[in-house]
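Participant: Residues -12 to 174, numbered by the working numbering, are exactly what the sequence shown covers, in order.
In short, the hints are calculated from the structure, not lab data. Be a bit skeptical, because a hint or two may be false.
Keeping only pairs whose Cα atoms sit at most 30 Å apart, straight-line, the calculated DSSO-like set for lysine-lysine is [unchecked claim]:
hint : residue 1 : residue 2
1    : 23        : 77
2    : 11        : 77
3    : 6         : 23
4    : 11        : 23
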Amino acid sequence: NSESVTYSGLAYGFAALFKVLTVKYLGSFSDYIGRKPVGILLMVLHIVYALICDAATEAWVIVLASALSGVSNSFITISLAWVCDVVADKDRGVAFSLLFGAAVGGGFALGVPLGSVAATANTRLPFLISALIAAVGAVWTAIVPVDDCLGVKGVAARKSTKREVTSVSVCSPQGTKTQSILRIHEA
-12 NSESVTYSGL AYGFAALFKV LTVKYLGSFS DYIGRKPVGI LLMVLHIVYA
38 LICDAATEAW VIVLASALSG VSNSFITISL AWVCDVVADK DRGVAFSLLF
88 GAAVGGGFAL GVPLGSVAAT ANTRLPFLIS ALIAAVGAVW TAIVPVDDCL
138 GVKGVAARKS TKREVTSVSV CSPQGTKTQS ILRIHEA
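Taking the hints into account, I'd like the entire structure generated from these sequences.
Facilitator: Below, the structure is given as structure tokens:
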């Protein structure tokens, strides 16, 4: 039905819009207070989103709740920054592969079939499963000690590090394509 297509499009649009509008500010906020508390907050926001969707009786409620989904999806960006903070430069490629290959790839590989099977039993069940998974993640993040090196002291330490930025232009062998490469050297 065309109405459900419209509501689906609006929900995805709201989620994307609110992610774009908030990710920069949440990143700065996590620079100030640390990645862990912001990560937990974003997981709690996802729980609220999923429970609102579960309780919704009108499609427009899900569209509005998708704004929370967009904000909570900023967790991916916070996770990237967290990896950059705690993993040595030489090991970041492996860490990013594990984070996105295992976590995100596994989420897509398992989440879609699990949600489909759950929806055949009850159309609200996928939202409850999503809330439960986010709750487990929030509790796990809260109780497991992890290296969260930022916060006020971490930002001050990072700002005191002198960085030198150089730009190098690279041309293709044919001389038609130019690419600039920025190199950052910490002193």
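Participant: Hint by hint, say whether it matches the structure.
Facilitator: Going down the list of hints, with the structure as the test:
| no. | hint | in the structure |
| --- | --- | --- |
| 1 | 23 - 77 | 23 Å, holds |
| 2 | 11 - 77 | 26 Å, holds |
| 3 | 6 - 23 | 19 Å, holds |
| 4 | 11 - 23 | 17 Å, holds |
Checked against the numbered hints listed earlier, the structure breaks none of them; every hint is satisfied.
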